[in-house]
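Position chain B against the provided structure of chain Z, taking the given hints into account.
Protein chains in written order, with numbering that gives the first Met the number 0: chain Z, 0 to 441; chain B, 0 to 320.
Keep in mind the hints are simulated off the structure, nothing from the lab.
Hints may contain errors.
[To be verified] If you anchor each label on the Cβ, the simulated ranges turn out as follows: (1) B/E62 with Z/A418: 34 to 44 Å; (2) Z/E433 with B/S301: 44 to 54 Å; (3) B/S38 with Z/K219: 49 to 59 Å; (4) Z/A68 with B/L66: 48 to 58 Å.
Where a beta carbon is used, it is the ideal one built from N, C-alpha and C, also for glycine.
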Amino acid sequence: MRSRLLPVAVAALALLAAACTAGTENRPAAPQAGSTPDRTPVTITMWHGFSADSEIKAFDDALAGFRAAHPWITVKTTKAIQDDQIIQSVRGGNPPDVALSFTTDNVATFCKTGLFQDLKPYLAASGVDEAIFPKVVAEYTQYEGKRCVMPMLADAYGLYYNKKLMDGAQPPKTLSELAELAKKLTVRDEDGNIEVAGFVPSTQMYENAPIHTGVMVGAKWINPDGTSAIGADPAWKQLMNWQKDLVGWFGHEKLEKFRKSLGDEWSADNPFMKGKVAMAVDGEWRNAMIAHDAPGLDYGTAPLPVADDKPQLYGAGFIAGTVIGIPRGAEHPDAAWQLVKYLTTDTDALVTLSNALRNVPSTLPALKSPKLKKDPNFQTFLDIFANPASSTLPAHLNSVFNQQTLSDAQIKWESGRAADLDELLAEVDTTINEKLKLTAGG
Amino acid sequence: MATTALGRRGGAAPARLRGRNRGGLTALLFLSPWLIGFSVFFAYPLLATVYFSFHRYDLFTLEWVGLLNYRYLLRDEAAWTAIRNTLWLVVVMVPLRVAFGLGVAQLVTRLKAGTGFFRTIFYLPSLVPLVAGTLGFVFLLNPGTGPVPAILSGLGLPSPDWFGDPSWAKPGLTLLALWSVGDLMVIFLAALLDVPKQLYEAAALDGAGPWQQFFLVTLPVIRPVVMFAAVTGVIQTLQYFTQAMVASRVASGATDSAGTVFVPGYPDGSTLTFPEWLFHQGFRDFAMGYACVLALILFAVSMVFTLILLRQFRGLTEEEA
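Next up, chain Z with everything else stripped away, as it sits in the complex:
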């Protein structure tokens, strides 16, 4: 009996080990330049994160153009997908042919692990001219020489200001002007409680994350070897001291009480739309939300104010966006590439999506398309996207951890719970560098 049980047990263990293996390698041969695509009817699956009816309709409208141009490819879409689900599907050996991610935070992991396939052979074979993308896009779509995702729409960040509350004042161009105007526009009650804030400088305020505000001082995140550049870059100290001074003017406790009384960022109760905040850092998508939820709001947009001693930064902003790629083990990678190429390089597709979702189209030709709906407030973000000085958070294995570590330090500093900024930022460096050794070696 033992002799019979042994092979069964070994087979069962082998089966278990196979089941627990992380996905399967199914790398197709790299397509050849100039080759005609295979036109055998095929059905491909695509997972995306859109969930609102308007978003799904916009996406279907964009796909209609693809279906017309590629009648032999049927696309089956699945909505409301998060990165976790994509990762599990690849581990389980049953991934979709095309997957879309709303965040660029995981791009380094996607590329390093091969979770998404390297698209460089496809780009070369298709003759796609990469000059159609602003240079900054390459930084968040590739890692260590692998381009494993393509950009499909982009987000740019700027300053929104309420014209009525500004009372004729022009949008600030420097941090000093922003602080001065923030103080001037702030309204308090007799107990000193804030009723309307000119600007909320707290790190935890909605889109004030350091990836967005760091651009205002031209701050650097990482060195070329992936280690932290934060402690050694005086720009971070400049930003954090500016934030702390302004928080101090409001009074940390008063400002926190005000911040915690504000409505949900993503609802019609957003304080900028409610007139509770005169100026706010936000993405281009806020235009569509204002049009939908606060159509009567008289507002304007401008590039983010910059450090007084770095006027050359004015006009640039933070850029990131939605990315799309072909997961490892995709059943129909060639047809999948046709869809990825269409959604990321076809001007009409990007313009259709941009007009409906009010995100920035991610190619330079699409920015110039006459079909692109433009108004002065949206144009600000198109200009920020096209500005060669605009920057992003380069793909990094510990992207979220690094942001979390710096944010934590910022919160401590602005609240007055840390005494020495140099020491605090040195700790940030140590924490980030130690984690890099853990996840990447070196």
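Chain B in isolation, oriented as in the chain Z frame:
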């Protein structure tokens, strides 16, 4: 003769063994659901966790790194913060929950009227889903819009920024735990109702007051139940995750949207618990090898308390015997 005898024994033995084998096989067959479950859901994951703890494992690629993950633990400040926070919860929250649960059960047993009503009222909060309960609690205590700070302020009393102040965040979570003490109250209630009434009558005749009756009669009789509540409370608190995660996320105002960053343990790591840090390491940062080290530590500590619990039960069984 000897050969014959040996031959007989040799001939008889296989028949008995066959019978034993059949019996063993049947037993194995009946045990197989448990054996399969144990192997697949406990033994294999445990062995895999040990194996992965010596590797750099990002869910896709494995690289042997020896003791790197263990050495990193010594330098990981956040992990030690999480350990300190979890210990704080074990030392403060568990005894308070046991004391509060017992106190409420005592009160409810002594009620002359409305017993069912009050039992229900005190038990109901423990039925509220953890996320919903925590959300409600954070909003109640929110310094900007919450009714509790508004009432305190109306009375001229100061109100802390409960989940925004590092010194008040864990006490805030403790209050939440006391609010949902209904599960313990029900257990204590059953135990208290089981204490023989004649013991109290005898104690009263001997002149024992209420406190003496409690310490000399009630507590010794329900000691095993108190011990059970304490040890299971410690094991549950070692796995404390949802309330801390939800409270810090809501208080910080961080959403899950791209571009915003949630700082676990907000504010200043004061609500960061060990399982939460483990989760972030494994499933957010893809440092699964290191997450396995944290999981093994959590397993070892939980195992110690489980053994204490088992020992208590064994002691109880022996006492009863």
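Would you pick out the hints that fail for this structure and give their numbers low to high? 2
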